[in-house]
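**Student:** These protein sequence lines map, in sequence, to chains A and B.
Here the first sequence is numbered in my numbering, starting from 11 and rising by one per residue.
Here the second sequence is numbered in my numbering, starting from 1062 and rising by one per residue.
These aren't lab readings, by the way, just hints derived from the structure by calculation.
Incorrect hints may appear among the rest.
[As the list claims (entries may be wrong)] As a list, the in silico PhoX-like pairs of lysine-lysine whose alpha-carbon atoms are at most 20 Å apart:
no.	chain 1	residue 1	chain 2	residue 2
1	B	K1091	A	K742
2	A	K964	B	K1526
3	A	K53	A	K420
4	A	K879	A	K742
5	B	K1514	A	K971
6	A	K945	A	K338
7	A	K384	A	K53
8	B	K1567	B	K1514
9	A	K384	A	K420
[To be verified] Residues of chain A clear of chain B, computed beta-carbon distances all greater than 12 Å:
no.	residue
10	I410
11	R480
12	K756
Here the structure is a predicted model, which means the values were calculated and not measured.
Note that the Cβ used here is the ideal one computed from N, Cα and C, for glycine as well.
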Amino acid sequence: MFTFAKCSTKTLIFMKRFRHLFLPIILFSISPFVMFAQNITGKVTNAKTGETLPGVSIVIKGSNGGTTTDVDGNYKIQSSQGSTLVFSYVGFMSKEVTVGNQSQLNVSLEEDAKNLSEVVVTALGIKKDAKKLGYATSTITSDALSQNRQPNFMNSLQGKVAGVNVQGMGTGPGGSSKIRIRGQSSITGQNSPLIVINGVPVDNTNFGANQNNAGSDASIGVRGGGGVFSDGGDGLSSINPDDIESMTILKGATAAALYGSRAKDGVIMITTKSKGEGKGLGVSYNSNFTSEKALDFTDYQYEYGQGENGVRPTSANPTSGQWSFGEKFAPGMTQVLFDGVTVPYEPIKNRYDLFYRRGQNWTNTVSLSGSDTKGGFNLSMSNMDSKGIIANNSFNRKTINLGLTYNLSKKLSINSSMNYSNEKNTNPPNIANQDNSIPTSVSVMANSMPWDLLDAKKYDAQGNEFVYSRFRNRTNPYFVLAEQFHNISRDRMFGNIALKYQLTDWLALQGRVGQDYWSRDEDYNNFPTGQASLGPAPAGFVNGRYTQEARRFREINKDLLLSGNKEFGNIGLDFSLGGNQMYRRSDLNSTQVVDFVVRDKYTIMNGRVKDPIYDLQERAVNSVYGSAEISYKGFLFLNATARNDWFSTLSPANRSILYPSISGSFVFSQAMKNSPDWLTFGKLRLAYAEVGSDLDVAPYSNSLFYGINSNLFAGQPLGSSQGTTVPNPNLKPMSVAEKEAGIELKLFDNKVGLDLAVYNKITTDQIVSAQISDASGFVSTLINSGQSRTRGFEWLLSLNPVNRGGFKWDINFNGSYNKTKLLSLLTDTPGERITTGTHIFNGELRQVVGQELGQLYGFGFRRDDKGNKVFGANGLPLRTPDQISFGSALPNWVGGITNSFSYKGVSLSALVDFSLGGKMLSGTNFNLVRHGLHKMSLEGRDTGGVVGVGVNDKGEVNTVKAPVQAYWEVVRSQALVEPVIYNSGFWKLRQITLGYDLSKFIPKNIPVNNVRLSVVSNNVLMLKKWVPNIDPDSFGFTSDNIVGLESTGVPTTRSIGFNLNVKF
Amino acid sequence: MKKVFKYISISVMALFATSCDKGFDEMNIKEIAITGIDPAFILNQAIINTSPTTSTAIYEMTIVQQMVSPNSGVLTGANFNQDNRALLDPMWTRYYRTVIRNTKDIISQVKDKSDRSNLYQMTRIVQAYAFMVMTDSFGDIPYSEAGLAYISANFKPKYDSQEAIYTDLVKELTEASAALSASGKIETADILYGGDITKWKKLGYSLLLRAGMRLSEVSPDKAKSIVATAASGGVMSQNSENFVVKHDANYQNPNGGMLNSTEANNWYLAAPFVNQLKSTNDPRLKSIAVRYVGAASGPQQSADKANRDPAVQTGMPMGYDNGTIPAVAKAAGLASFYDYSQADRTRIVKTTAPQHLVTASQTQLLLAEAVQRGYITGNASEYYAKGITLHMQQMADHDASMAISQADIDKYITENPFQASKALEQIGVQYWISSFLNGPEAFANFRRTGFPKLTPNPYPLKDIKGEFINRLTYQNSEISVNSENVKAAIARMGADNLDTKVWWDK
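Could you build all of it, start to finish, from the sequences and the hints given here?
**Tutor:** Listed below in structure tokens is the structure:
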């Protein structure tokens, strides 16, 4: 008798292809006595490969006696002569053998291509037959992640999985990615899924650029201190996609319910390789190279050049550097820049080409694997080198991954994986900010600025930044490039060891311990010495700011799992019981110094003022959980789970929380006596679960702490209470109750496949980080309140229109619709609202009762009853008295369409993805409007002023001509952001992959088994977008719940390259 | 191989055997953090944050025509008589988050502790100062419910009318000044006066005097009785008693920081201010001003071009932007607008410049006005002369090279004698000079007295209907977050624009 727990080790031995795992369906019946019994032993093997098959069910036809094969494929059964043994195993055709007088009966089973059953890794690493599941999951093969890859491998999932929205951030190769499963449920907290590797959660701390973000991991985020707003990456960037065997996404609450308080946003389950594919030793080599180039979506005006108020710089003063409200270009005109340099006054249209270089990514992975009947291993080493499009930005990652699986005895098996990575992220660009930000400077530089001159004149005679603009904080991008640095290096080790002991033939106990540990060293000069925007240092010192930080993080998970499986006639019972202890600790040592004794010597010792910080956070969660599944005749399944978590971060009264789930699955195609021919497979699912989120209540959020300033003043200490969020001792984690229903159909002999899911989730006890009045002394407060409802559906339609003569065409169309409505905050009064994020300039993101989540608010044009714009006596547009809603920033429709073709070893696939239904406040366009680069700002220039179409405050037609520059600067001075609100949707040709199997060209005498070469391209073509000048997909803010508030990031890139995979 | 696995198995078991020693309750106690400090240190924090922010240069100092920038964008404000709300946030956030939050915290901790009575009174005085600056600038503001987010979970404080605020400020200042006692604990950690009770009392009564005088137009009777109380309590009469934040390299003067970094080349002394000093041969001009003669651009404002001779100083006229000012500069014989006089960023507005908030000079001038108005008896002329003398002597606080000799002071007073017939104007002008770089106070006194008589800024593209800006507008986030209370304030006070007058401004 087998258990699932046991199988989870053993099936690895029998995985047939690296993308599929097969699990036995276990049948068992009790047959205490068989007359005239004789002992029969034997071995069951795969007819094709000769591998032994464990877990094969053997029953005596007509009786209910039977057994299964052991790990080595051996069985033993008592049977009488003449009776028939039925051998059945999932994915194979059953075989009936009549017993003669032999005592040895070896059987080989043929694979059944038609009846393959998928095995899915579910919560806690438990593998299950997909047909039993009462909830939606998606499995991604390693090919999808490794062939056409990106530095952060999650970004290569864009558009590939129904209900999953992945967004790259436009923050450089070491940057993080933003993943949303079934939309956003939390108003102000975290919405990122749990990452589980080989059954054990790992850390996915995001070091993103989180300006103005109320809900980030502020306590362990970048310290900043001015000048640094870069994306330091996340926990997924340490994973090498070549090590991934498969990835399962648990989308709904029910799927993730066994993770209880960590399951709110779904789970990404990654299984890494732990043994070779065949017997013996194997070596494989994979090389992936791509070259990338900035996508230039700028569509600026090139009619009027640098200057302000219609005047071009004709003498040393005043140069704006970044304003393009000058004169109309005409041949022969000149301008005076850099305090006296005369250059032609002409448009320069290819700024991206002039500034950004070609980036490249190169990953090489070698892996060595081995396996025998008792287990195996997989050892891989990988090096990834990425060069960003900004000349000093690079990311290097070295990983070593070791996976092991071994049966120590018939009862005891061990499974382990270890991953070590060393990452160096050099100069991640500053984004989403005005000061010190290369992308912002490049984006808004005046359209007649000669870039070679900007480079040549980055230093003045003293070696400081040459003041080229009256806006001294708009740092010359070449100066930042040369003088500012930011180094991040991380060593990370995560892995786990599991031991499994088969107590009886139907009961197994597994113990597992996993740890994720990393240390991260970081240093950066927030402000380089000599930067123009920096004030002078006291006499004897040079100015500048430098920060050095060291962090350590540790998460330990220990769990025990007792699992059993028994069948009673038509009824099958699976159950598991377990417990988990989670402990997490993070430490931060950080010292910042201001002003230096020796110029350009960035060290702590060289600093004048030293400001050290030490911070520590600890938390623990203890849990017990259990699940039970009852099956009837292999087509009706009912599954229930429960988990209770106890939190260290909560008050004793709120500490214990129970998370239940129940789900059912009905395979009606199997249940029907006469299912129609066209119906290959059909299943109905129903599920309900309650889960939560443990991250919303940060440790120590119950207390107010005090701090003493690092410097005395007049010889005396200064201090005050710390933090901008009001402490609340009575918080509890938010909870999500989700209902889900689904149908899965395979029709016309698998030519058509359809998987539909609909869900409705109610999120309650939202931890609302509400912005409060500054006059209260604090900025925000955390309260358990608020309820939101997310409704959505997702689909996966797969079609196989052509499959003949070796030519195969597959279409995969996945997508989702998702809408979250806020039902209440403190009360359920419609219109009640909180502000959850403010834009770097103007405009904000609010959550409003009765409306869809993520409402973009800002001041719009004031209009009269007839809808005419109203202008002031000075001709400038007036703004609305209050901020108005421009709609929700959250996209409703997200998905992708993949077309794949294969013919005689050649395969071609193309992915088109889309995101529709959201709004954005574009900070880049905001700057372009007020800087006079946006085409919108051409209005009125030829006529010496803008006469706004509308009325004055007396209701008369407006005739006042307002100066052009002042007219467009109202986006800033009046916070009138309506002109820069856009639809954030897009349709993109995301990926093209052309692969060719070169194996057949390999001479037999060369020990190479398999060679595959793919040509890949990513971000191929923008098919449709609504926002000018930028890619709506590149967003700057990695902040967890700030959407729609765009601010200039690194331009997105188009990459072209190849992937070579060789197996020896 | 099998052996290796066995060892691994044993170590896994060993890991399970160990568990965290820390219990749940202990784990959520942050042992490395401080849960309380001596509230005297918190008062120090509040005091240092009373220095006004850079927004006061963009609004208050420009409204009273002492400084001006021709540039738009982040510097758009009173130079163009326009509402640029994002720039008004800093003062609001700095005062409420770092002054009032701290003073309310101290008060909640020491109010009932008799041994810290002096600290309690000192805190009330600092808090009253902060609230007075805020209400003078904005009108109705959160007062009675402000700063209580942690103490009593009040997240959206209501706005109190300015009248009610002044009533309570007067009560606070009167009670606190009277209750300060030399026999109580002396708060030696105090960065302002080292706990000197006499000086604190003088600050309290000087502020009370300021509050009383503020009501001279709206309620002369009240003003009179308050001023009498203050004057009899004892007010500042020497510079050592000044409420001044003596910034250092670690705690820099916000305006000094701005004028030495991003906006170094963008701010100029305004013509009305320079002309006033020049026309009266005011010795303060050579301490305040510098002109980079011949500078054709920002980078050319170099030390070798610096000229501090009062005779060459030229203030930038009001009413121009950087498109129109070059022609005006050229017509005035200047190389460019970078050639106008600036407040000397190496001396009076250096990064470590002291910030004077309540001074003996201002106090003596207010006494002169109080005598003139008949609120108190005394010699207005003497108070007037003393007010001028103290301000001139105060120059040396910034830089020894700025010291003005007694002979120069006497000469100025002789040449510009006090005339009873023009007393209010003379006092108003001197108060204006004396409050240079203290924008909020200069702005308040200008609105109340109407002195000096300034010509309205002629910039064409103004947002205001009147001649001058009368108040500052609420911050955008307050309108968004605390909208019900803001609306109630607007209903009571008038529209939230630059035109509406505050209660005491009649």
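**Student:** Does the alpha-carbon distance linking A:K879 and A:K742 stay inside the 20 Å limit?
**Tutor:** violated (48 Å)
**Student:** Compare the distance between the alpha carbons of B:K1091 and A:K742 with 20 Å, and conclude whether the hinted pair is satisfied.
**Tutor:** Roughly 19 Å between the alpha carbons, so the hint for B:K1091 and A:K742 holds.
**Student:** Please verify whether B:K1567 and B:K1514 have alpha carbons no more than 20 Å apart.
**Tutor:** Holds, because 16 Å separates the two Cα atoms, which is no more than 20 Å.
**Student:** Far enough from chain B: is every CB of that chain over 12 Å from the CB of A:K756?
**Tutor:** Nearest chain B Cβ is 42 Å from A:K756, so the label holds.
**Student:** Would the hint linking A:K945 and A:K338 be met if the CA-CA limit is 20 Å?
**Tutor:** holds (14 Å)
**Student:** Mind checking the alpha carbons of A:K53 and A:K420 for me, to see if they're no more than 20 Å apart?
**Tutor:** holds (15 Å)
**Student:** Just to be careful, I want the Cα atoms of A:K384 and A:K420 compared with a cutoff of 20 Å; is the pair within it?
**Tutor:** holds (10 Å)
**Student:** Given the hinted pair B:K1514 and A:K971, is their Cα-Cα distance within 20 Å?
**Tutor:** violated (32 Å)
**Student:** Examine each Cβ of chain B, and state whether all of them lie more than 12 Å from the Cβ of A:I410.
**Tutor:** The claim holds: A:I410 sits with its nearest Cβ about 18 Å from chain B, beyond 12 Å.
**Student:** Between A:K384 and A:K53, is the straight-line Cα distance small enough, at 20 Å or below?
**Tutor:** holds (15 Å)
**Student:** Would you assess whether A:R480, listed as outside the interface, keeps its beta-carbon beyond 12 Å of every beta-carbon in chain B?
**Tutor:** Non-interface label on A:R480 violated, nearest chain B Cβ at 6 Å vs cutoff 12 Å.
**Student:** Need the status of pair A:K964, B:K1526: alpha-carbon distance at most 20 Å?
**Tutor:** The given pair, whose Cα atoms are some 15 Å apart, holds under the 20 Å limit.
Hint violations for this structure: numbers 4, 5 and 11, all remaining hints satisfied.
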